[in-house]
Amino acid sequence: MPLVTIDGRQIEVEQGTSVIQAADRLGVEIPRFCYHPDLRPEGNCRMCLVEVDGYARPVVACATPVADGMVVHSPHESATASQAVNGVLEFLLVNHPLDCPICDQAGECSLQDFYMHPDYGLHESHVDPAEKVHKHKRVDLGPRIVLDAERCVMCSRCVRFSAEVSGYAEVQFVRRGNRVELVTFEDRALEDPYAGNLADVCPVGALTSRDFRFKRRVWHLESTDAICAGCSTGCNVRIDHFKGKIERVVPRRNPSVNRSWICDEGRLSHEKAQGQDRLLHPRGADGGELSWSEAIARADALLRGGRAGVPGRALLLGSASATNESLLLLRRFGELAFTQRTMDFRLGNEPELVDAREDHLLRRRDKHPNTMGAIHLGFAAQEGGLPLHVRAAEHDAYAALLLVYHPPLVGDESPEAAGALERLIRAVPASVVLTSHRLPFLEAATLLLPVAAWAEEEGTYTNYQGAVQFTGQALRAPGAARSAVAILADLLERVTLRRPDTSPKTLFVELAQAVPAYQGLSFATLSSRSAIAYPPEGRMHYGQEGFAGR
Amino acid sequence: MPAILTRHTDDPEQTELDVAQRRGAYDGLREALSRSPDEVIAEVEASGLRGRGGAGFPTGRKWSFIRPVPGQPVYLLCNADESEPGTFKDHYLLRRDPHLVLEGIAIAAYAIRAHTAYIYMRGEYASLAEIMAKAIREAQGAGILGESCLGSGYDLRVSIQLGAGAYICGEETGLIQSLEGKRAYPRVRPPFPAVHGFLDSPTVINNVETLANLPFIMTEGAARFAALGTDRSPGTKLISISGAVARPGVYEVEMGYPLLELLRHEAGGVRLGRRLKAVIPGGTSVPVLTAEEAAPVMIDYESMQAAGTLLGSGGTIVFDEGTSMPEALLRIAEFYAHESCGECTPCREGTGWMAWVLRRLVQGEGRPGDLDLLLRVGHNIEGRTICGLGDASVQPVRSFIQKFREEFEALLPREALAAPAWQMHGHGPRTGRFGPPGEEAALSDPVEGPPNAAL
Amino acid sequence: MARKDSRVVDVRAAADAKGGVLRDAAGTLAGMEVTLRNMVRATVGREHVTIQYPEQRKPYSRRFRGVHVLTRRADGTLKCTACYLCETVCPAQCISIDAQEVEDPGIEKAPSRYEIDLTRCIFCGFCVEACPEEALIMSREYDLVSDSRDPQALRYGIERLTQRPEIAAYGAGFRPHMEYPLVESQIPGQEEPSPEETR
Amino acid sequence: MLSDEALREIEACKAEESRKQHALLTALRLTQAERRHVGPQEVLYIADLLDLSPATVEGVARFYDQITKEPTGNRVLSICRGISCYLCGADGAAREAAAALGVDQGGSQAEGRVTIRHVECIGDCDHAPAAMLDSTFIGPLDPASLSALIER
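Protein chains in written order, with the numbering used here: chain A, 25 to 574; chain B, 1241 to 1695; chain C, 36 to 234; chain D, 18 to 169.
Since the hints were made in silico from the structure, they are not lab data. The reader is advised that the hints may include incorrect statements.
[To be verified] Listed below are the simulated DSS-like cross-link pairs for lysine-lysine, each with C-alpha atoms no more than 25 Å apart in a straight line:
{"no.": "1", "chain 1": "D", "residue 1": "K86", "chain 2": "B", "residue 2": "K1422"}
{"no.": "2", "chain 1": "A", "residue 1": "K161", "chain 2": "C", "residue 2": "K93"}
{"no.": "3", "chain 1": "A", "residue 1": "K267", "chain 2": "C", "residue 2": "K144"}
{"no.": "4", "chain 1": "A", "residue 1": "K239", "chain 2": "C", "residue 2": "K144"}
{"no.": "5", "chain 1": "D", "residue 1": "K86", "chain 2": "A", "residue 2": "K161"}
{"no.": "6", "chain 1": "C", "residue 1": "K114", "chain 2": "A", "residue 2": "K239"}
{"no.": "7", "chain 1": "A", "residue 1": "K161", "chain 2": "C", "residue 2": "K144"}
{"no.": "8", "chain 1": "D", "residue 1": "K31", "chain 2": "B", "residue 2": "K1374"}
{"no.": "9", "chain 1": "A", "residue 1": "K269", "chain 2": "C", "residue 2": "K144"}
{"no.": "10", "chain 1": "C", "residue 1": "K144", "chain 2": "A", "residue 2": "K156"}
{"no.": "11", "chain 1": "A", "residue 1": "K156", "chain 2": "C", "residue 2": "K114"}
{"no.": "12", "chain 1": "D", "residue 1": "K37", "chain 2": "B", "residue 2": "K1422"}
{"no.": "13", "chain 1": "D", "residue 1": "K31", "chain 2": "B", "residue 2": "K1422"}
Isolated chain A (complex conformation) (with noise of 0.2 Å):
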């Protein structure tokens, strides 16, 4: 393997590593703007080049393999370097209307970062803003996408983006010099189901996002990690958020997941999940208000109702949108809670769908993003099926039913389900429904209790592949709505007469305890910035190709 040194460090890496990618694992920070690790290097930007000895000229790091004993030059260290770049730089700012203070990218903007970085940056500038050349501003590109051309630096990171990774191909540029502009055919809205990426593969404010437009400045908002929940495959984001209300979710990159995107049907799922329809307080079957205290002691006696020790009598149906964490107390409760139970969570065929695409890139049929978790706590170990649960419910098999449901954040529910949902809960005599919102289909139940949505509690999902990730809480739920794991800890103490530790840390321990293919992974890898962890090979239910998008 080559060794290559880096402004006097050393690192061993593969053959066929990039510079700019070395340099990354040193943390050597190399500026760029058209390298992107998940796209094929262009190298047109040539704002990452370096120094290197034997070279007479200054290289771009980013298409330069590393050989054996190569000794590179950042511009942090080399004059050459540093002038090159520097040049570099000031051509980009040429033609660039510098209107950042109407630039959304305005703050995550790299022309800005690069200029204002002492080793590279802060020169003088020669040209006059009435000699630019002037290009399209403000062209909508659909409901996703605003396009500014002037800011734009051609480093074509959204043209690749769109021809290799998303395939629709829908952004080239035209005409040829410094006349060179990014367009649409003939401005045409995008169609592309990820297009949100373009603004984010955009380093300059050229492409910014219909959504996030004028809203905030991106250095007032705080950011929190998390996994979508919109399908089974569990991309990475950040959900950025100001004052308790997301203002955004960008994806977060890893490779072995989602690589650097989402779908925009993920990236907007938080509309939904924080949508206007919540239920906002614990609510009997007369429509009445509860306090969490009587909620909890109603609930509790509406179960007993379960437990009398008939085969069948308690039905416990968990979501394959719940966390894992609030699944093994769901689950723990009905084991202590009742002799006799059947503990399911399936309202489709969930199983069947976890790892079916529904495209070549990232969107999953299975809109739940913890069916594996589910799977693998063991919800659905029985024959059965909601169709199956609600004939026995109407053949009086059950006596309770205690039922957490999430809607689903990308599509609405199947009729089927919802019209199942419906007839189960009036079917058994006493329902205890905990739900993030409201909905026509669970008024009937006996007890809805507001549980916390996506974002707003924390926890793991297992995605289609088996990957256990964390997932942050950036929110406080509205009204009075708890996370799932503090209204099932109220529901065991009433069982146990011991409140259970809910600590994350505590409960992922329980967990990897509790669930075979769980063993060996802690919480201290998983809530470090990678926040994913993978079973141990060979201990994979589903999914054990591994991401293979296009």
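Given chain A's structure and the hints, the job is docking chains B, C and D onto it.
For chains B, C and D alone, coordinates are given in the frame of chain A:
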């Protein structure tokens, strides 16, 4: 003077296959096919033939980089996208002796084991493409090309691709991109075309003139070719002379021939009996020579380099004493600004910027420091681009300003010669962190000061 | 008006020089120097040191940092493009802005809400320094009062920050950049007050 | 939209290599020749023909000088503004040619008949000031005989 390429070009009937064949056309191919491809490569390497497109890279060496991969084709691309301003030698060959070029293509293709060859011609040469297409049809009809060339069992398909007006397609990787149907954005190297070329296959790109030398090398032998010209620049060179010259045209000279001799004797000297002011010897992409500098220069790679310029494409442009060098340079700079493909930053922004500054200079609106600005912009382009166009655009700008600086300075307004740039147009070095110069004064004078005089 | 002399009095040094009871008295007197001097001016010199505020007002420097003004373009639209730099730099966190899109493609962005909570403002002027377009300047208005306990009373919005009838009496204040001459239409009543009016 | 002959040629070009995009430049050239421009309709047609996105076709079409978005006249007079032609008085010749044809400088047309384009070096420098009428080299440009040449 010995002729290799222009032996038969005076006869308009040379384009006919039977006429050409009577004069020995395709004998070189027959000779090549009788040997192994490696022997052909060795012969060409021994001849010392260097690429005639501009860079002067040894042709045999270039071929030897090809390592065929099983199941993957090898391509030969004939670069007939002659777009360097002042260059029309390939035009001449393609029009006058298409079979010579075709034979060269076949020899090269055989040597690198390619079964497909493309002739990429610039769009403006559509009329030449017809001549070439006819030549290909004739050669195929005669069993020279196509399946089993000359009965040897070696198959070769030759196709023509016409461009549509873009200088950058003459750049190797730009040409490949264009042939693939993409924007002709040059590719960053490595990987080189010999490994990942057209459609990711091993590819050789050779210039028309380079290929046209091959039949001679095959029939007459490498030694006879190497005996021509100088030690390190063997053979002959087609020189296209244009501009302020009495008899513009294409001349074949032996390498090492004195440049001004060619200009004075063959090309009839400077037009209208005027005095020579300057000459660009290798297309606009190489530094200009003043008349004095040009005097001792020979037409070969080494002599040109010693004089601080390059042989390039051999496009010799003559400037007479009446020429305004700034205006001429503006024309050249505008060419590069127009033809820069816009892929990589320094060339995209730099060529346009240089043209912009030159234009205001020529229009009498020059600003102080503009000449230094031009040189600095050039410096920031050079060596930092993906392909050679960036470097090429800098050569004329730098050499014109260096060698004719007084002409440029004469265009600057008098006061512009002294004052630093920012004083002229109100922006520039910021002296404090909070704003333009003068502001500190305002801040340090709390009451009497005039800061709100603007009110 | 003339600038007042200010001078540092080293009380201890003055006292040490005298010693004893005199030392203590000297210290006290040194501390009261300004008071005593003005007392003499007022009684002996019959010179008025105080003014009859609010009937009389003192003119302040043009760099005075008083209540803010949002300026306008010649066409009357707000110059502010909601870049949030003032909100960002404000150490008292008293500015809050919401942005909206505007039709004019040369502008694109403008505030839909711009509020300065003047009860929290410390009049440091950072907001004005941060403004890249002189969309926000300060006036010389200093007597900021309200006769209501409503916390919103001194929370000035766009309307209040652009319509500034008070400016006539005070004039415009802190403007560190001076890149653009103010024209009348930008701030109503920004004309220079005459000294007689203000005294 | 295109003639059978052009379509055959595009098909042949497509068949040459494994990637259909290889035929794009040929398709653009033939379309320009037959339709006198490659506008939005033409782009969509070619995109469909070669299985490419319209943006891809548009991007390539707008790269090349000879592919125009607006229709050209029936004849295109390309006047070289290369350095060699400049040295031989191309600017004056171009002005005179434009005046002789009654066409605006710089490319507009008269009654859809002739379009004058000012092009970079066309590689016919020994006939400076060089020019092309469609694809025929007609240098040195003689403004006086232009009309007759175009009529022919």
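Worksheet item: Does D/K86 pair with A/K161 here, judged by a C-alpha cut-off of 25 Å?
Response: Between D/K86 and A/K161 the Cα gap is close to 21 Å, so the pair holds against 25 Å.
Practice prompt. Below or equal to 25 Å on CA atoms is what counts here, so check A/K161 against C/K93.
Written response: 50 Å, violated
Worksheet item: For the pair supplied as a hint, D/K86 and B/K1422, is the alpha-carbon distance within the 25 Å limit?
Response: 18 Å, holds
Fill in: Hint consistency between A/K267 and C/K144 [alpha-carbon to alpha-carbon, up to 25 Å]
22 Å, holds
Discussion item. Tell me if the straight-line CA distance from D/K31 to B/K1374 falls inside 25 Å.
Written reply: Distance of about 21 Å is within 25 Å: holds.
Worksheet entry | Proposed proximity, A/K156 with C/K144 (alpha carbon, max 25 Å) | 22 Å, holds
Discussion item. For a C-alpha distance cap of 25 Å, please report whether D/K37 and B/K1422 respect it.
Written reply: 11 Å, holds
Worksheet item: Is C/K114 within 25 Å of A/K239, Cα to Cα?
Response: At roughly 19 Å apart (the allowed maximum being 25 Å), A/K239 and C/K114 satisfy the hint.
Discussion item. Tell me if the straight-line CA distance from D/K31 to B/K1422 falls inside 25 Å.
Written reply: Given that 25 Å is the threshold and the Cα spacing comes to 14 Å, the pair holds.
Discussion item. Tell me if the straight-line CA distance from A/K161 to C/K144 falls inside 25 Å.
Written reply: 13 Å, holds
Worksheet entry | A/K156 paired with C/K114 [C-alpha distance capped at 25 Å] | Given pair A/K156, C/K114 holds - Cα atoms ~23 Å apart, limit 25 Å.
Worksheet item: Has the given pair, A/K239 with C/K144, been kept, meaning a C-alpha gap of at most 25 Å?
Response: 11 Å, holds
When each numbered hint is compared with the structure, a violation occurs for hint 2 only.
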